[in-house]
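Colleague: Assemble the whole structure, with the sequences as input and the hints as a guide.
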Amino acid sequence: MIVIKDLHATVGGKEILKGLNLEVNAGEVHAIMGPNGAGKSTLSNIIAGRDGYEVTSGSITYKNKDLLEMSPEERSWEGVFLAFQYPVEIPGVNNTYLLKAGVNAKRKHLGEEEIDAIDFMTLVRHKAKIVELDPSFLARSVNEGFSGGEKKRNEIFQMAVLEPSLALLDETDSGLDIDALRIVAGGVNKLRAKDNAIVMVTHYQRLLNYIEPDFVHVLSDGQIIKTGDKSLALELEEHGYDWVKESK
Amino acid sequence: MNQVTQTRKNALSLFEQTGLPTTSNEHWKYTDISRIEPLLAESVEEHVSIDASAYVINDLDAYRLIFVNGILDEEQSELPQSISVLSLAALAHSVSDEESEQLAKLFEVSGDEPLFNGLTALNAATASDGATVCLADNAVLDKPLYILHLSNQNNVIRHGVMLGNNAQAEIIEHFVGLDDARVLSNISTNVILKDSANLAHYRLQQEGLKQSHIARVEVKQMRDSSYTLHAVELGGLLSRADIVVNLSEIGAHCDLNGLFVLDGRQHVDHHTRIDHKAPHCSSRENYRTVLDGRSHGVFNGKVVVYEGAVKTDSAQSNGNLLLSKHAEIDTKPELEIYNDDVKCAHGATVGQLDDKQLFYLRSRGVSAETAQELLTFAFADEVLTSMGNNTIRRFIEKAAFAKLPHSDDLKELLD
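Top to bottom, those sequences are chains A and B. For reference, each letter of the first sequence is one residue, going 2 to 249 in my numbering. For reference, each letter of the second sequence is one residue, going 4 to 418 in my numbering.
FYI, nobody ran anything at the bench for these hints, they're computed from the structure. Check the hints yourself; a few may be wrong.
FRET-style restraints, in silico, Cβ to Cβ [what the hints assert, rightly or not]:
1) B/E101 - A/A140: 41 to 47 angstroms
2) B/L212 - A/G20: 56 to 62 angstroms
3) A/R207 - B/D64: 56 to 62 angstroms
We put the beta carbon where it would ideally sit given N, CA and C, even for glycine.
Modeller: In structure tokens, the structure reads:
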């Protein structure tokens, strides 16, 4: 699905990623854990194509294409999705309209017909149920006036509608209470499939109690310094990140 | 000589003393009307008859007053039975001495009024016609009153609106240019709202791109009355509006919403003035401008809170989006407060589109171009959401949308 090789990247002239390697295959769920400032959000943003990050060397190959050559919208059309840590409020832009525009732009890119308006509404209502999103949210402006938990739920709802091949969840658990976390995680679990992959970026082990990863990576100072299975997350919880750095 | 004629004569003398405003006047610093001065000398030409049906807002269920080049066209108008809507020209000819005294008040101008200038006096002196709308106490206008102004000649119009205690009305003023004539409109709308009266007032300026538009809206509000203005500027080469609201008795409330969507070399200047003269009054003001090409917007919003106006609650905001590096906005929110017991907020922003919002939309598959257009439209549309009349809102959205950069992808937004 995606192969990241020796990735070096700077933000405002400061090197944040220092030779990161990662391979994620279809059907897998990966967790990338690490302390604050390790480069977790930088990695998500670079994969999604945000401005302000400079890749100085290395490569990202996605479905055998050079991901770094694509615009953010092309990445979306090709199946990359980022669930934002801090989803932005967009007053005046309707939630459903945005998704329909996104779905149809993707279809156009793939040479398909536009989605039928009624089929689209059926799809959207069905997907809203997965994350227990009240249908009234569909008619509201994107994230406007949503609580922290509602914003995160809306991200997973959008993911459900856009059906990405590769979903990046950036600190999706932050700011969620236990009930909201269970709903969001439940939504993600329903979207797991053998032809898609999920990468969770998280500071805490908590989310992994609900979404079980196949692989856990420790990101520290711009590199992945250790990879294991879900038990690694538990060890991290117990011993802290310094333990990995020392045992490296 | 009856009272009306005398009052208008006084207005003419006042104009002759004052002359036209120049850029050395602080309130006219950014708006140079020397280029429209020659238009003032041109007299009204021959009467033209025009079929208004091509210009009216079609699906609007409303009473209609159609003015063509400054004269009411009764044939094409449809007046309500229950209330008094009279052509000013007809009224001035037929009134008794006593009525004349009343009507004369509509033509009184004083050099001491906020934002007074020579054009204010000139309007009172030379207006050819206008609507006088009077609602008795407790009267509710069952349909909006739609006033369409068509012009390809100079026109000077003076409207008077008086709502009695508890009366309610919705008035839509629509200005449309008939062709590319280089002409001037000078429009004055004078409103008095008695206790608990409620007026929703729309002003939609869509004149021709060589026309100049000078407007003054003066509102006097009594106890617990409520006034809402939606002022939308899309047309014209040069447009200037002075909006003066006097919250003169306890509990009065006003809302001023403004939207400019400009391109080319359009120049639009709004000066608003809200006087909080009594306790427990509130005011809200929200102006947005979207400026493309070499257009120039000016917003000056002044709120004055008088000494006795305790518990005043006032908020003002002005957002400006510059789509071109040659577009210009001059914005100045002003606040003068003469007592301590008030809640006042004001602010202005000038900028381009938000990078975070753009990236968010693109990450969901919306192309960069469409994302920019979508955010621009949303920015402009935000100020329209408070409109109570959906037909008008849709009409304005479509007209504004047509002026904004847009691709086919976005059309669905308005379906």
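Colleague: Against each hint, give a clear statement of whether it holds in the structure.
Modeller: For each hint, the structure was consulted:
no. : hint                                : in the structure
1   : B/E101 - A/A140: 41 to 47 angstroms : violated, 57 angstroms
2   : B/L212 - A/G20: 56 to 62 angstroms  : holds, 60 angstroms
3   : A/R207 - B/D64: 56 to 62 angstroms  : holds, 58 angstroms
Checked against the numbered hints above, the structure violates only hint 1.
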